[in-house]
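S.K.: Protein chains in written order, with the numbering used here: chain E, 1 to 142; chain F, 143 to 327.
Just so you know, the hints here were simulated from the structure itself, not pulled from any lab data. A virtual CB, placed ideally from N, CA and C, is assigned to each residue, including glycine. Where hints are given, some of them may not hold.
Okay, the calculated beta carbon distance ranges per label pair [stated by the list, open to error]:
no.	chain 1	residue 1	chain 2	residue 2	range
1	E	21	F	155	48 to 56 Å
2	E	12	F	284	33 to 41 Å
3	F	260	E	96	41 to 49 Å
4	F	305	E	64	20 to 28 Å
5	E	98	F	268	35 to 43 Å
6	F	250	E	31	52 to 60 Å
7	F	209	E	141	40 to 48 Å
8	E	98	F	301	17 to 25 Å
So you can see what is in the structure, the chains are spelled out below.
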Amino acid sequence: MSIIVKKVCQLISGIIFLYGIYIILHGHLTPGGGFAGGIFLSGAFILLVLANGSHVMNLRHEEEKASVIEGLAILIFVLLTAAGFFIGARVFFGNFLPKGHLGELISAGVIPLYNIMVGIEVGASLLTIFLALVIYKEEISP
Amino acid sequence: MELTLSILLIFMIIGAIYALFAKDLLSALISCGIVGYGLVICFMLLKAPDLAIVQIVVESISLILMVAVVHNSTRQDLKEKIVIYERGLSFINVKFLFNVMSFLILALFFLFFFRQAIACLEPFGKHTTRMATAYIENAAQNTGSVNLVTGVVFDFRGYDTLGEATILVTAVIGVLTILRLKGRK
Numbered sequence: 001m002s003i004i005v006k007k008v009c010q011l012i013s014g015i016i017f018l019y020g021i022y023i024i025l026h027g028h029l030t031p032g033g034g035f036a037g038g039i040f041l042s043g044a045f046i047l048l049v050l051a052n053g054s055h056v057m058n059l060r061h062e063e064e065k066a067s068v069i070e071g072l073a074i075l076i077f078v079l080l081t082a083a084g085f086f087i088g089a090r091v092f093f094g095n096f097l098p099k100g101h102l103g104e105l106i107s108a109g110v111i112p113l114y115n116i117m118v119g120i121e122v123g124a125s126l127l128t129i130f131l132a133l134v135i136y137k138e139e140i141s142p
Numbered sequence: 143m144e145l146t147l148s149i150l151l152i153f154m155i156i157g158a159i160y161a162l163f164a165k166d167l168l169s170a171l172i173s174c175g176i177v178g179y180g181l182v183i184c185f186m187l188l189k190a191p192d193l194a195i196v197q198i199v200v201e202s203i204s205l206i207l208m209v210a211v212v213h214n215s216t217r218q219d220l221k222e223k224i225v226i227y228e229r230g231l232s233f234i235n236v237k238f239l240f241n242v243m244s245f246l247i248l249a250l251f252f253l254f255f256f257r258q259a260i261a262c263l264e265p266f267g268k269h270t271t272r273m274a275t276a277y278i279e280n281a282a283q284n285t286g287s288v289n290l291v292t293g294v295v296f297d298f299r300g301y302d303t304l305g306e307a308t309i310l311v312t313a314v315i316g317v318l319t320i321l322r323l324k325g326r327k
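Please work from the sequences and hints to get the whole structure.
M.R.: Pasting the structure below:
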């Protein structure tokens with residue numbers, strides 16, 4: 001790619017990442033949520049790889065890190081759901097934190113935490129799949 | 143309705159047990175089909191016509207596919223039976239008569255239950271949305287989330303979301319397992 005495309009992608013990927021974080025954090029207030037925001041998070045990285053080519057970063061290293069982060073996120077999600085089993089109303093998926101005022105950023109109990117964990121998980125897993133495809137292409141035709 | 147449902151369920155259980163002990167693969171398949179089509183009528187009795195439509199399509203396709211597979215692979219004794227029928231068709235064939243009678247009785251049985259199930263359904267254009275109305279009215283108070291979709295996804299239908307996240311993890315594991323040329327140490 002030309003230098004213009006590379007520079008624009010570097011500038012814009014940070015903004016995309018920030019917008020993904022916004023979508024995830026406001027998941028319980030505005031349309032969006034963990035699944036949609038996670039796509040944005042992975043899209044920022046995918047844009048960088050697409051613009052700069054696969055030889056810029058150590059992609060194998062990135063892939064390992066992304067898969068570890070994905071596994072940790074889903075583990076914390078399951079632990080949070082299981083925590084509702086031991087605290088509060090003693091049901092699976094129980095909302096054990098105080099709900100707060102309707103419409104504020106910090107409200108709705110554990111739902112924002114679920115959103116954050118699902119967002120990280122979706123983003124990391126899509127990034128892992130993309131990087132695995134790129135590495136496979138490199139291995140086939142170096 | 144409970145009596146009809148329990149009769150139908152007992153019939154389905156008998157069909158499933160017969161499928162386990164049948165010597166012929168084709169008759170085992172047919173008794174599996176009894177279970178599937180009985181489930182269709184159960185769904186209609188329980189006022190879920192959308193599930194009934196899905197079930198009838200899936201059951202028909204899978205039954206046709208499996209009958210075709212059995213017919214093309216392991217069905218050796220079909221031709222011999224046809225020969226027996228042709229030889230014994232002189233005046234009256236007890237086996238043939240028994241088959242036709244059992245088919246007619248089963249068809250009438252299912253037709254009767256199907257009529258009862260249709261009588262249980264709501265009239266056209268009037269459907270009950272008790273769950274949807276409860277979700278829309280009480281989601282904000284019960285979950286604390288202003289966004290109704292997030293409230294449903296992470297609170298009312300949390301198991302569904304957990305399954306979706308698990309599907310993503312499984313997809314990643316599958317991709318990492320398949321897409322590599324050299325084995326990892």
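S.K.: None of the hints should be skipped; say for each whether it holds.
M.R.: The hints, checked one at a time:
Look at residue 21(E) against residue 155(F): about 54 Å separates their beta carbons, and that is inside 48 to 56 Å. The hint said 33 to 41 Å for the Cβ distance between residue 12(E) and residue 284(F), and at roughly 40 Å that hint holds. At roughly 46 Å, the beta carbons of residue 260(F) and residue 96(E) sit within the given window of 41 to 49 Å. For residue 305(F) and residue 64(E), the Cβ-Cβ distance of about 26 Å falls inside the hinted range of 20 to 28 Å, so the restraint holds.
Between residue 98(E) and residue 268(F), the C-beta spacing of about 42 Å keeps the proposed range 35 to 43 Å intact. Against the hinted window of 52 to 60 Å, the Cβ-Cβ separation of residue 250(F) and residue 31(E) comes to about 53 Å, which satisfies the hint. Separated by about 46 Å at the C-beta atoms, residue 209(F) and residue 141(E) satisfy the suggested range of 40 to 48 Å. Roughly 24 Å separates the CB atoms of residue 98(E) and residue 301(F), a value that falls within the hinted 17 to 25 Å.
Checked against the numbered hints given earlier, the structure satisfies every one of them.
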